[in-house]
Amino acid sequence: MSEAATTAEPLAGAPPEDEEGRWRGYGITVAFLAPALLLLAVWIVYPMVHTTYRSFFDRSGDDFVAFDNYREIFTQDTLVTAIKNNALWVLLVPAFVTAIGLVFAVLTEKVRFAVAFKTVVFMPMAISLFAAGVIWRVMYEKDPNQGAVNASIGVVKDAVSPSGVLSNARPSTEGLEGTPAGGLALAAPVEPGAVALLGLTAIRASDVPDDAEPAVRPEPLQGGIAGVVWRDFLPGGGEAGVVEEGETGLPGVTVELRDQSGSTVADGETEANGTFAFEDVEAGSYRVAIGASTFATAFEGYSWLGPSLITPAIMIAYIWVWAGFAMVVIAAGLSAIPRDLLEAARTDGASEWQVFRRVTIPLLAPVLTVVFITMLIYVLKVFDIVIAVAPGSVQDDANVIALAMWRTSFGGVNDFGLGSAIAVFLFILVIPVLAVNIRRFRREV
Amino acid sequence: MSTTAAEIDGPVAVTESMGARIVRLIGTTPVYIVVVVLGLLWLVPTLGLLLTSLIVPEQVGSAGWWEVLSKPSLATLENYGDILDNEAITSAIWTTLWISLGATVLPIVVAALAAYAFAWLEFPGRDWLFLIVVALLVVPIQMALIPIFSLYNDLGLFDTIIGLILFHTAFGLPFAIFLLRNFFIGIPKDLIEAARIDGASELRIFARLILPLGLPAIASLAIFQFLWVWNDLLVALTFGQETQPITVAIFSQLRAFGANIELIAPAAFLSLAIPLIVFFAFQRYFVQGLLAGSVK
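Those protein sequence lines, which keep their order, are chains A and B.
The opening position of the first sequence corresponds to residue 1 in the numbering used here, with each subsequent residue numbered one higher.
The opening position of the second sequence corresponds to residue 1 in the numbering used here, with each subsequent residue numbered one higher.
No wet-lab data here; the hints were simulated from the structure.
Keep in mind that a hint or two might mislead.
As the list claims (entries may be wrong) - Chain A is faced by these chain B residues, among others (derived, beta-carbon under 10 Å): (1) 17; (2) 31; (3) 102; (4) 133; (5) 143; (6) 230; (7) 269; (8) 285.
On a predicted model such as this, the values are computed, not experimentally measured, just so you know.
By construction, the Cβ of each residue, glycine as well, lies at the ideal position given by its N, Cα and C atoms.
One chain only, chain B, in its complex shape (with noise of 0.2 Å):
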C-alpha cells in the first residue's frame, strides 16, 4: 500500500514546479495553522481541568493551573491519594459502575429479545406497535421524574441501585430497540428461514444466530448505553439520595466551589477517565452508532 503511494506520489512531485510547489505549500499553511490552533483550543479546558487536579493543596486557589506547566514542582499526586481515602468517593465510584453495567446489560438483553421479535416474528399490528415504541424516543426524562418518585417511595425503590438501573433501563430500550431492529432485519432471510426448517426454536435461533450475527451492533449500542448511564446527573439527582454515582457526589460539592476545588477537581477528572478509556479503546464503534442512530 505505502509502495503505491509512492509511486502515485513520485511523478507529481517531478513534474510539479518548484514555484508551483511553493505557492501550494503558501496555500495550506494558514489551514494547517488554522487547525492546530482550534485543536488545541478543543483540547486546552480539558487540561485545565487535569492540571487544576494535580496542583499542590497549599497552592490550590491561588495559582492558575497553567503555572504547573512552568513550575513542575506545583504538580503532585496527593489530591488523588486523598479523594482514594475519601470513603464517599471510592463508594460512588463503585455504585457508578454498577448502575452503568446494570443498565447496560439489562436494556441491551430486554431489547434484543424485542427486536427479534419486530424483525423476524409476524404478528398483527407489529409496524405500528414498532413505530410507538420508537416514538417513545422522543418523551422527555423529565415526564416521569415524579410519577415514577413516588412509585419508588411506594416499592421501596427510592435510592437503590436497581431502582436508577431500571429507570435507565426503560429509557434506552426505544433507542436500542430501534437501532437493533434495523440490523437484525439486514440479516439474510434465507439463514433464519434454513435454521427454522432445521426445527431450530425461535429462542434458539435468537440466541445462536442472531446475537452472534448482531455484535457490531450490539458493541456500538452498549458503547453509548454505558457512557450515556455513566454520565447521567439527573435521573440520579432524582432517585438517589445514599446511593450516589459520582456525578451526584461531585454535584453536592459544588455549593462551595472554591474551598472544594482540591477534591472536586480529580474527582471530576476521574469520572471522567472511565468514559474516555472507553471511547479511546472503542473509538470505531462509538462513531458507527453515532452515525446510525444520532437521535437519542
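Bound-form chain A, shown alone (with noise of 0.2 Å):
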C-alpha cells in the first residue's frame, strides 16, 4: 500500500499545469464513481454508524441504556447458546471443510473420471443454502422409512442385531412370566414327556408373520420336551392357556430350554405353526423360555432434529456443502505445484506419505489458509441452513449469531436496541478476519 500511496502522492501535490482540465478530469471521475460510492454510502456505511448507535437504546429507542444489550448478549439464554453453538461451529467446521477438501482433491488426482467427481461434489455450491437445508431436513426424518439416514443406520443396525418378530406382544396366562427385555419363561417347571403351551397376546394381526398356520397342541415327547407358541387369541372370546380353533401358531420364535440354575441348554426356532421340539432332553426339571430377542423393538431412528442432535446435524449439511468448494480450490493450487519437485523428492527415496507431508502440504499452506479463512467469515455469519433444517422448536438449541440476530430483530421479538448489539457483536468477530483480509489485498492490489 506505501508504494500505492506515494505514487498518488505526487498527483495531488503536482503543480496545477492546466487546472481547467485538471478539474474536467475530476468530474468525470466523480461521474464514473459517484453511483458506487453513493449506494455504498447510504445501504452499507450508514447502516453501520446507525446499528452501532442504536444498540446503546433501549428496546424503544429512547433511553440510552449504554452496555446493558451487550451484557444482555452474555446472560439471557438463548444467545448464550448461540455464542456456545458458534463457536463450536468455528471450532469444527472450517478445519472439516478444508480437511475433507485437501482429501477430495488428492483423491481427484488419481482417477480418470475426476472431471464428474468434482461436478458432483461442487453441485451443491450452486444451490442455496437454504434449499440444502430442506434437502437435509428430508433425509433427517426421524422415521425410518422415511428419512434416509437413520433408514441407513437401521439397515446396519438390522444387520447386526435383527429385530424381533414380536416387539409387543405380552403372555396370555399368569402361567408366563418375566419381562419382554430377558424373556418370558413358563413359571411351572417342566419335565422330558411334558408339553409346554406358551400362548401370547397383544400381537396385532399384521404383526403376524406371512406363513404362520394354525397353531397345533404337539403330542408329547418320549424323553423329549414338545411345545407351540401361539396367539393366544379368538375375536369374540376363547380361553386363555388353552390351544383353539381359529388361532394361529407363531413361527420363527426362539423357544429357549433353561435349567434350574437359569442358564439355557438348548434353542429352537418354532415351525409355521408355532410348535417346537426339545429331542433327548436329560431327566430333571426345567423351564421353557421365550428368547429375549423375539421382543426386540425395532429401530425407531435418532431424532437428528431433536434438540440434541440438531447442531451436529446442520454442521453435516453445511460441510456437504462446501467441501465442493473446498476441493476445486485445493485442486486448483495442488495442480500448480510443480511437477519436477515432488519427483525429485521421490528419487531421493521419500515415500508417498513424505511427499505428500514434507512437500505437497508446505506448498498447499497458502491455499489451504484461503480455504479455512473464507470458511471462518462464512461460519461466523452461518444462517440460512440453520432456520431451513431446525424446525421452529428446537431453533433455541439450534440457535447461533446471525439468527439471534435476525429473531430478536424481526421473528416477533422485534427488539431493535438488542438486535443491533448482537449485530455489532458479530461484526467484531469479523474484524480480526477482515485484518487478515486486508494484508492479503494490499500484497495482490
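Could you fit the two chains together into a complex? Lean on the hints.
Written out as C-alpha cells, the structure is:
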C-alpha cells in the first residue's frame, strides 16, 4: 500500500499545469464513481454507523442504556446458547471442510473420471443453503421409513442385531412370567415328556408372520419336551391358555430350554404352526422360555432434528455444501505445484506419504489458509441453513449468532436495541478476519 | 491429440509386465471404489429431494423416497402440476427472477464504472478509497438490516422489488468492484493511451474498449451475483412481505413440514433447478470466478 499511496501523492501535490483540464478530469472521475459510492454510503456505511449507535439504546429507542444490550448477549439463555453453538461451528466446521476438501482434491488427482466426481461434489455449491437445508430436512426425518439417514442406520443395526418378530407381545396367562427384555419363561417347571404351552397376546394381526399356520397342540415327546408358541386370541372370546381352533401358531420364535440355574441348555425356533421340540433331554426339571431377541423392538430412528443432535446434523449438511468449494480451490493449488519438485523428492527416496506431508502440504499452505479463513467468515455468519433445517421448536437449541440477531430483531421479539448489539457483536468477531484479508488484498493490489 | 496419447501409452503397456499391471490395478482399485462411494454419497441428498417431489400425494408421508426406485408407479408429475397452478408459488418464481436479474445487471454496471475509475483514472487518494471499498466486503449484512428496515418504511421501499434490488446491489458492489478493477488493470495500457490520444472520451473508452475486453470477468461476476441473489433468504425475509421470492415462499410453508411436503419438495427442487442449470451451463466461468475471488 505504501508505494501505491506514494504514486498518488505527487499527482495531488503537483503544480497545476492546466487548472481547468484537471478539474474537468475530476468531474469525469466523480461521474464514474458517484453511483457506487452513493449506494455504498447509503446501504452499508450509514447503516453501520446507525446500528452501532442504536445498540446503546433500549428497545423503544428512547432511553440510552450504555452497554446493557451487550450484557444481555452474555446473560440471556438463548443468546448464550447461540454463542456456544457458534463457537462449536468455528472450531469444527472450517477444519472439517478444509480437510475433506484436501482429501477430495488429492483423490481427484488419482482417478480418470475426476471431472464427473468434481462436478457432483461441487454441485451443492450452486444451490442455496436454504434449499440445501430443505434437502437435509428430508434426509433427517426420524421415521426410518421416511428419512434416509435413519433408514441407513437401521439397515446396519438390523444386520448387527435383528429386530424380533414380536416386539409388543405379552403373555396370555399368568403362567408365563418375566419381562420382554429378559425373555418370558413358564412359571411351572417341566420334565421330559411334558408339553409346554406358551400363549401370547397383544399381537396385531398384521404383525403375525405371513407363513403362520393354525396352531396345533403337539403330542408329548418320549424323553423330550415339546410345545407350542401361539397367538392365544380368538375374536370374540376364547379361553386363555388353551390352543383352540382358529388361533394361529407363531413361527420363527426363539425358544430356550433353561435348567434350574437359569442357564440355557438348548434352543430352537418354532415351526409354521408354532410347535417346537427339544429331543433327548436328560431327566430333571426345566423351564421353557421365549428368548428376549423375539421381543427386540425395531429401530425407531435417532431424532436428528431433536434438541440434542440438531447442531451436528446442521453441520453435516453445511459440510456437504462447502466441501466442493474447498476441493476446487485446493485442487487448483495442487495442480500448480511443480511436478519435478515432487519427482525430486521421490528420487531422493521419500515415500508417498513423506512427499505429501513434507512437500505437498507446505506448498499448499497458502491455499489451505485461504479456504480455512473463507470458511471462518461464512461460519461466523451462518444463518439460512440453520433456519431451514431446525424446526421452530428446536431453534433455541440450534441457535447461532446470525439467527439470534434476526429472531431478536424481526422474528417476533422485535427488539431493535438488542438486535443491533448482536449485529455489532457479529461484526466485531469478523474484524480480525478482515485484518487478515486486508493484508492479503494489499499484497494483491 | 488422441493418437499421440495412444503412442505414448503403447510402449508403456508393452514394457509393463503382466504382474506389474495387476499390482497397479489392485493398487488403484480401492481408490476408485472410494471415489465412487463418495460421489454417490454426495449425490444422494439431492436425488432424495427430487424423488420425494415425485411421490404420489397419497403416499407422501408413508413411503420413503428410495421406494420410487423399485416401484416407479409411485412417481408422478402431479405435484409439479399442483405447484404450477399455485398462484403463490408461480408469482414467487417471477419475483425471484426479476429481483435476480435486476440485482445482477445493476451492480455490474455500477461496479464496472467504479472499477474503471479505480483502474485507469488518476485522482488523489485513489488507492485508499479502493481499499476502503474492498474492506466493506466483510461487513455482515446483519449490520444493515435494522437501519434499512426503518429507512425502507419511511421511503415506501419496504416490500418492493426495487428495495430488494438496491440492497443486493449495494452489498454486491465491494466484491464486484474488487474483481473488475483487478481485471481491468490487466488490460494493456497502450490500448487505452492510444484511444485517449485519438480523442476518445473516457465514457467511450469504457463502453467500447473496457467492457468488451472485460467480458470474461463480467460473465463470472454475473453468474456469481445471479446465484447469490437467487439463493438469498435473509434479505428477502427481512424486507419482503407480499413480495416473496421462492425461498421465502417455501420458508413460510416449513412450519408444517410433514403436512406440506408435497408442496415443499417440488417447490424446493424447482428453486434449485435454475441455479443448477446456470451452474452446468457456465461451469467454467463459475469456477474461474471462485478462484479469482473466493472471498465474498
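Chain A contact restraint for residue 230(B) - C-beta distance below 10 Å: holds (7 Å)
Would you check whether residue 133(B) satisfies its interface hint, that is, whether its CB is within less than 10 Å of any CB in chain A? holds (7 Å)
Cut-off 10 Å, beta-carbon criterion: hint that residue 269(B) touches chain A: Holds, because the Cβ-Cβ distance from residue 269(B) to chain A comes to roughly 8 Å (cut-off 10 Å).
Hint check: 10 Å Cβ-Cβ cutoff, residue 31(B) to chain A: holds (5 Å)
Residue 143(B) as an interface hint toward chain A, with CB separation required under 10 Å: With a minimum Cβ separation of about 5 Å from chain A (threshold 10 Å), the hint on residue 143(B) holds.
A closest beta-carbon separation below 10 Å is what the hint needs, so does residue 285(B) meet it against chain A? Residue 285(B) check fails; min Cβ-Cβ to chain A is 12 Å, beyond 10 Å.
A closest beta-carbon separation below 10 Å is what the hint needs, so does residue 102(B) meet it against chain A? For residue 102(B), the interface hint is violated, since the closest Cβ of chain A sits about 13 Å away, which is over 10 Å.
Given residue 17(B) as an interface hint, is its Cβ closer than 10 Å to any Cβ of chain A? violated (21 Å)
The earlier numbered hints that this structure contradicts are 1, 3 and 8.
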